[in-house]
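Trainee: Residue numbers (this note's numbering), protein chains in the order written: chain C, 1 to 178; chain E, 179 to 356; chain R, 357 to 534; chain G, 535 to 712.
None of these hints come from the bench; they were simulated from the model. In this text the structure is predicted, and so the values were computed from the model without any measurement. C-beta atoms are modelled at their ideal positions from N, C-alpha and C, and glycine is treated no differently. Please note that the accuracy of each hint is not assured.
[What the hints assert, rightly or not] Simulated DEER-style distance windows between Cβ atoms:
1. G:S680 - C:T43: 55 to 61 Å
2. R:P472 - E:R213: 30 to 36 Å
3. G:R668 - R:E437: 43 to 49 Å
4. R:Q504 - E:V265: 40 to 46 Å
Spelled out, the chains give:
Number of protein chains: 4
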Amino acid sequence: MSDMTETTPGWLTTDDLEQARARMPILYVEAVPVRVDDSGELTSVGLLLRMGSGGTVSRTLVSGRVLHHERVRDALMRNLEKDLGPVALPRIPAAPQPFTVAEYFPTQGITPYHDPRQHAVSLAYVVPVTGDCRPRQDALDLVWFSPQDAVSEAVQSEMPGGHGVLLKQALAHLGCAV
Amino acid sequence: MSDMTETTPGWLTTDDLEQARARMPILYVEAVPVRVDDSGELTSVGLLLRMGSGGTVSRTLVSGRVLHHERVRDALMRNLEKDLGPVALPRIPAAPQPFTVAEYFPTQGITPYHDPRQHAVSLAYVVPVTGDCRPRQDALDLVWFSPQDAVSEAVQSEMPGGHGVLLKQALAHLGCAV
Amino acid sequence: MSDMTETTPGWLTTDDLEQARARMPILYVEAVPVRVDDSGELTSVGLLLRMGSGGTVSRTLVSGRVLHHERVRDALMRNLEKDLGPVALPRIPAAPQPFTVAEYFPTQGITPYHDPRQHAVSLAYVVPVTGDCRPRQDALDLVWFSPQDAVSEAVQSEMPGGHGVLLKQALAHLGCAV
Amino acid sequence: MSDMTETTPGWLTTDDLEQARARMPILYVEAVPVRVDDSGELTSVGLLLRMGSGGTVSRTLVSGRVLHHERVRDALMRNLEKDLGPVALPRIPAAPQPFTVAEYFPTQGITPYHDPRQHAVSLAYVVPVTGDCRPRQDALDLVWFSPQDAVSEAVQSEMPGGHGVLLKQALAHLGCAV
Chain C
1 MSDMTETTPG WLTTDDLEQA RARMPILYVE AVPVRVDDSG ELTSVGLLLR MGSGGTVSRT
61 LVSGRVLHHE RVRDALMRNL EKDLGPVALP RIPAAPQPFT VAEYFPTQGI TPYHDPRQHA
121 VSLAYVVPVT GDCRPRQDAL DLVWFSPQDA VSEAVQSEMP GGHGVLLKQA LAHLGCAV
Chain E
179 MSDMTETTPG WLTTDDLEQA RARMPILYVE AVPVRVDDSG ELTSVGLLLR MGSGGTVSRT
239 LVSGRVLHHE RVRDALMRNL EKDLGPVALP RIPAAPQPFT VAEYFPTQGI TPYHDPRQHA
299 VSLAYVVPVT GDCRPRQDAL DLVWFSPQDA VSEAVQSEMP GGHGVLLKQA LAHLGCAV
Chain R
357 MSDMTETTPG WLTTDDLEQA RARMPILYVE AVPVRVDDSG ELTSVGLLLR MGSGGTVSRT
417 LVSGRVLHHE RVRDALMRNL EKDLGPVALP RIPAAPQPFT VAEYFPTQGI TPYHDPRQHA
477 VSLAYVVPVT GDCRPRQDAL DLVWFSPQDA VSEAVQSEMP GGHGVLLKQA LAHLGCAV
Chain G
535 MSDMTETTPG WLTTDDLEQA RARMPILYVE AVPVRVDDSG ELTSVGLLLR MGSGGTVSRT
595 LVSGRVLHHE RVRDALMRNL EKDLGPVALP RIPAAPQPFT VAEYFPTQGI TPYHDPRQHA
655 VSLAYVVPVT GDCRPRQDAL DLVWFSPQDA VSEAVQSEMP GGHGVLLKQA LAHLGCAV
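Please model the entire structure based on the sequences and the hints provided.
Mentor: Rendered as structure tokens:
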């Protein structure tokens with residue numbers, strides 16, 4: 001998952017977050033940005049291109065923490081805007097039911113998901129976006145892939161920590177052959 | 179459910195449909211038209227006002243048959259356009275998973291749903307609409323209700339055949355208090 | 357929600373929990389215990405009878421925190437055993453998709469759910485149980501209700517904090533008339 | 535899908551079924567039989583081994599038509615018993631919401647699913663079974679696979695018509711890496 005240190009006053013300091021991470025699961029939301037046609041059918045999937053600490057390049061989904069006193073749908077909005085910019089025009093789902101719950105453990109092998117920093121539990125949603133996406137923060141770019149390309153080995157190999165698995169689950173939920 | 183006789187050439191004649199109805203379940207789609215705010219939260223629910231054969235007035239959801247060789251999402255599009263007009267701008271769900279499956283039996287009491295004409299099995303979806311709704315066909319009007327008003331006894335009593343139950347299930351799926 | 361202070365060594369102290377509650381959403385699981393017949397159809401719903409601090413009696417669902425490094429399904433198991441005893445034989449869902457996500461805010465009116473102690477986000481599941489339920493901890497009893505009785509005003513009035521709403525959402529998800 | 539001609543008196547004759555198949559979508563249910571552990575986690579997937587008309591061997595899921603005046607859950611029960619025998623002890627889902635809806639078209643390429651005989655629309659469910667499975671009818675055997683083996687190319691190549699895709703979608707819904 002992307003680095004989640006929030007700098008908004010009143011939220012957790014980095015120290016507080018470190019402490020919390022050692023003691024309880026941290027709640028996240030994740031969004032798979034998609035383009036759909038008029039009949040709602042998936043046409044392409046958006047993946048963020050990020051530069052890792054060691055110069056490695058990886059592709060990720062939109063993700064971030066749910067803050068104290070923040071609704072899940074507001075956390076989705078905020079993280080989509082953080083990662084896709086202010087004019088992406090995301091269509092936040094009307095229903096709170098996620099397509100899956102991804103559990104990231106600091107220990108590998110318990111689930112398909114892994115986050116060395118923490119135990120994170122992530123509510124995952126598919127979010128159609130209709131506007132212009134202009135990645136901000138630490139993302140280099142947002143690239144749109146056909147569903148077929150998105151599940152190719154080349155792309156999957158650039159999605160560590162189980163994000164490739166989560167992407168495939170999203171596509172399966174949408175009725176795609178994965 | 180609304181009267182479903184399709185007059186498009188190549189589809190079932192009324193006789194064929196009568197025959198099929200006596201022999202197998204008929205596949206329907208149903209859509210609950212909703213307005214949502216920018217965060218995806220439900221603000222109002224649209225109900226069609228129909229005049230029944232005996233002069234009785236009832237409120238219904240958008241519904242109609244899935245035709246031979248028609249995708250479920252195309253059946254949703256077609257029936258939404260039939261009932262809400264060409265500029266309702268419905269957002270057909272990206273995923274095929276319905277929020278429920280409503281089973282209408284010609285015999286009362288087997289399920290909460292009842293259709294004296296047939297055994298119909300209906301895939302039910304919530305569909306946000308953003309454009310202008312201009313009911314066509316046999317509907318008199320489309321009226322937008324707050325979630326609270328939509329589940330009031332007055333409105334529920336005008337939704338026979340289990341449509342009131344289906345509406346409540348849709349609202350429950352959206353996280354509303356019903 | 358029931359009082360969640362965990363006394364297992366190695367988990368949060370009461371102080372730590374208080375501190376975390378003021379700073380981030382706390383992840384919960386909730387289970388609606390049900391009896392089903394051979395065809396999977398709901399026959400009754402189990403509600404825990406609890407004595408509140410002021411001597412008031414309330415009815416609740418099974419609920420509890422997800423602990424650090426604990427899978428959601430293990431949290432479900434642990435909390436079901438805590439509330440229903442060791443021989444309830446719950447059938448934990450195979451899929452991680454909850455039927456809804458209930459967001460309890462310390463402030464009233466943001467969602468239908470309210471918890472004065474904390475911001476809790478709860479993954480809600482329906483869990484068929486087939487064994488004997490022997491409530492432990494602070495629950496006085498587990499009482500089985502027909503779906504009709506469970507949504508009656510009498511029972512709903514004994515389910516504060518939005519638990520009555522969540523119960524209705526569970527029944528709606530199961531296809532019941534609520 | 536397996537051959538669906540029903541011989542029960544009172545249902546469709548083969549001629550009637552042929553006629554209906556040319557005119558409207560036929561409603562099916564499909565079940566992915568699974569073994570789960572006490573925490574509900576998937577351990578293995580059951581696939582039926584069938585001998586095709588040309589002597590080819592294929593692997594399929596449990597599937598069959600929904601009959602006139604039959605509930606979806608009763609159709610699931612009947613088809614599970616037909617394919618797995620009388621003591622498989624399937625746990626029919628309590629909720630009517632399928633994990634997906636698979637649309638089989640007689641024309642290839644419209645969806646990932648294909649059935650040369652008909653336009654079939656199939657409600658797909660994951661069904662844990664706890665008893666002994668003794669395939670009947672035209673199935674040679676039921677073989678249990680680990681999730682990893684079930685999505686291997688060897689097994690997938692034996693699942694024509696999109697059944698391999700549906701199996702992967704089921705596993706994705708269960709939180710597996712596919």
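Trainee: Report the numbers of all earlier hints that the structure fails to satisfy, in ascending order.
Mentor: When the structure is compared with the hints, numbers 1, 3 turn out to be violated.
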